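In case you want the letters, here they are:
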Amino acid sequence: MSKKWTLFDYINAFFMLIVLCVTLYPMLYIISVSFSDTVYILQNKVRLIPRGFNIEAYKMIFTDIRIPRAYLNTIIYTTVGTFINLFMTSLAAYPLAMKTFFGRKHFLIMITLTMFFSGGMIPNFLLVNSLNLIDTIWALVIPNAIWTIELLIIKSFFETLDKGIRESATIDGASEFRILFQIYIPLSKAALASVALFFFMGHWNSFFIPLVYLNDARKYPLTIVLRDMLIYDTAKESNMEDAARMTPEAMKNATIVVSMIPVLLVYPFAQKYFVKGVMLGSIKG
Amino acid sequence: MNSTTNIFNKNTNSNIEQNNKASRKRLNSIWKHIKKDKQLLIMFIPCLVFYIVFRYGPMYGIIIAFKKYNVYQGIIKSPWVGFRYFEQFFHGKDFFLLMRNTVLLGLYHFLWTFPCPIIFAILLNEVKAEKFKKTVQTVSYLPSFLSIVIIVSMVIDMLSPGHGIINRILVFLGFEKQYFMIKPKWFRTIYIASDIWAGTGFGSIIYLSALSSIDQSLYEAGKVDGCNRFNAIMHITLPSLFPTIATMFIIRAGNIFRIGYEKVLLMYNPMTYEVADIFSTYVYRKGLLESNYSYATAVGLFESIIALIMLVSANTLSRKLSESSLW
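Chains as they are written, first to last, in my numbering: chain F, 1 to 285; chain D, 1001 to 1327.
If we strip away everything but chain D, and leave its shape as in the complex, we get (with noise of 0.2 Å):
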């Protein structure tokens, strides 16, 4: 045969055999790679499983959004009804309430609860003390090892009317007690301001072993160069952190809207459903307590992409802005 045709036709007869030959040969080193990673494979079976089951299961699971899913039919036989669940609550009376709501509730705790651990882990790191500074370090840490259960309990019982500690000292100033956890009003502010005080220490954790590793010379030769303590933290310390900030930033804004409905749903009430329902807790009444399944799955997938699509923004944006990023 010519050699020349040969190049133009790949399908020669010694092309063909060369061709079965080559991929045998790939078959029988994979089927030697796993002949000889037998026991790891064995091993990992449980986790393979596991993940197939109850991580991928449920993501099978959401077509049951797109299906009016009866229980009795299971999801394959359950009839497709395409978008209507969406239809519905785009067009539903909750979804700006609950749009309102979700973004104001994440939005603002982002904004006060992003800064809060930086500055604290930039002051406690400014401590001379070294007992003084281990002590607040450690004591910061506590609150966030108490369930969200005695977190809210503890606020409740402090907000109390009748017997509240913060009532209290209100009316010892010569103030109104005030009925705080029924009004809408005071919502956002008890569920952020609760979250700075939990919530402060451990995210500060990251940023002080930051801070730690930051080379002393740098605020020597800051020193000899005339600094003072406000300047020593605004050209060295923070510009030090930036790659830590950077990346805490997008994990956080990311999950911006991902508000954990447990707080939520131990701290709402109906009189405060108009600020406090946020599309977790939406999706917690309709599905579970309602028992309305395709429908409040719709909601939670809705609300996942969302999540998704901040995820990608913002590790966009900081990609663009700086050169860390998640990938």
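Isolated chain F, as found in the complex (with noise of 0.2 Å):
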């Protein structure tokens, strides 16, 4: 391709540029009301820049109860999640990377099989409620330990390491665990970094099953108190008495802006593994 632009490349060009503000502006707008005084909220002055900056409403963030609790709710259910996730991925992944395992192919049937077809939302969730996992942290965390796709990312990962290694090592005295543990994890360090993401993004974001499994609203997460600040003054606004007790248009933005921050932060980190991810798993899958 030439390096002339045409007619073509400027309306390209301009087109990219509209998707960048449109996809961007909605992100800006929130954060902007955040840091802006209710006041010129009301008045709908606020735009794009925050009209009478204050910090007002993330003062109002730490002092309700909820949102700080909440927070470490999430980072809580998030980590352990993770941490499980990726544990138990890595110890299904290796048998079944080896090719000699027996019974691989008939385990590969079973595992792949999940993905077509499942018990469904009320079967899920009478299982957990007779363990006994209601209200706990486990019912976050366990029902979904391992996740096919990627368990079958790593496998295929895994495949790709030097047999010689474990060969090495195994006449090394070795044993399985240790090998998994002391060779293959460190040398797969990008794929569970890919992997590993997509179920920290899928922890801290979840919201339909501690809706489901979560009757304390003390345990309840991030997503939870969100949503119920978002319905509970959706239903109110059009009873105008119950305006004074809504939450402040300005703490509601911060309380998204609070749970974005994890996001915007590692982003810029993560982007490359999770273009990784997304393409190890469409190889694979």
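Here are a few chain F residues that sit away from chain D, every Cβ distance over 12 Å (derived from the structure): (1) Gly52; (2) Phe62; (3) Thr136; (4) Ile165; (5) Ile171; (6) Asp172; (7) Gln182; (8) Ser188; (9) Ala193.
Calculated lysine to any residue pairs in the SDA-like style (CA-CA distance at most 25 Å, straight line): (10) D:Lys1263 x F:Met115; (11) F:Lys105 x D:Leu1041; (12) D:Lys1077 x F:Leu133; (13) F:Lys272 x D:Asn1125; (14) D:Lys1038 x F:Met110; (15) D:Lys1038 x F:Thr112; (16) D:Lys1128 x F:Ala13; (17) D:Lys1035 x F:Met110; (18) D:Lys1032 x F:Ile171; (19) D:Lys1093 x D:Gly1106; (20) D:Lys1183 x D:Pro1270; (21) D:Lys1133 x D:Ile1118; (22) D:Lys1223 x F:Asp9; (23) F:Lys4 x D:Lys1133; (24) F:Lys219 x F:Ile76; (25) D:Lys1032 x F:Ala169; (26) D:Lys1077 x D:Tyr1056.
Simulated from the structure, these hints should not be mistaken for lab results. Note that the structure is a prediction, hence the values are computed from the model and not measured. Each residue gets a CB set at the ideal place from its N, CA and C atoms; glycine is no exception.
Starting from two chains that each stand alone, build the complex the way the hints lay out.
Printed below as a string of structure tokens:
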């Protein structure tokens, strides 16, 4: 392709600029409202830049017990969940990556079938209920401990590692567990990082599972608290009497910003692994 | 013993003995194999238990769709009722509505959101300024990192009649302000449009990488033959993308009616039920909120089977039309 720009290139560039703006605007708007004074918000004066810059909303967040607690919950659930995911996935991928593993083909079929058919919402709920996991962190991290797609990705990655390494380690007397944890996993850092990212985002953003399995409001993660603020307020918007008890606009937006923070911080670094992860998934999937 | 009769009579003494020896040998080698892989098998046990309990266990639980499930009696002791709940569902007033909503939402969603990532990828690929291209790419993935709660919050906020930015623009342009979220006629548009916003970037990743592996010399050759930009796209870029498009088509088409209940759940309200209520949200309400377990499971099973049929059909269709298929 030549370096000179044709009319098409100008139009295309303009189009991409619009895409850039449209993608970013909602997020910038939310951030900006969260830093604005309520007075200006209600007067519809905020468009892109904060008006009446203040951090009142953020102060309110930290004094309202719901949000810091929910934030802590989300951090705990995500950390524990991701750790369990990585552990279980590596543990399962290793034997499956060994071509002569007893029963390998049958296990793979058993696992792959679950991608096409599942028990459904109600049987899953009844199972978790019967195991007495309801209202505990375990309901959030155990029923989805292994994600089939990620399992297959890591298995494929393990398969690309040089067989010789395992052979010489076995000759030296290493157990399979040692080979997995001291050789294979360190060698797979990149693939594990990509997969860990998906696990992380999955737990951080999960809404439905906590909604169904948690009853105690003190255990709610950020997503549920945010949704309560949102739903409660939409219902009340038509009833002006309750307007005073509504969560101030700025505070709602501040909560959104606060739950976006890890995403925004992690994103520049994670973005690389993210694309790799999707690629790994698509080739092997 | 006459050797020719042995051919017709397999159960001669020496044959039985030979069979026994062979199966003992096979059992022995199987046992040896298990012993050799002992550590690997131990390593695999947690995964095996996981799949049996948490993936296949619920599949067994589906039988409550055919029983009048009673929490106290448990699955095994609850009485059989056959297809009663299915009949109840099919003859009920909800069925047609749910069917229509699910099919229409799924169909429109697919028609609008399938081409967008492809078009975006092709156009982005044509961008000549490298830095700009990378920036747009990176920014476009960002929305898919946000939780569905955040996205719906943004949507509701921007469409709010009081201070929402969209209504402010409408009023500025001289139009009436709209109560978007409670009007059934806007539901599908809002649902699909927000999905396009949030999903196009992520969806384009796979096409962009396929595009980057197209042999550049094809374009050079095309130019020599006198192609302009447009022709190059139609005759080189699109055909090269075809396998990727076909694969994505199967996967997406197979899931066309498996609409995510999370987003609908967050977006709908009693005013928009008539358009927004779909199978999965119905299962949620009837099963988890109203504890109508058997009935909800029956509906859920129906939905899963339709999804399976869709997947198999999409795969067969793709196999007939091209070389690509999932299996």
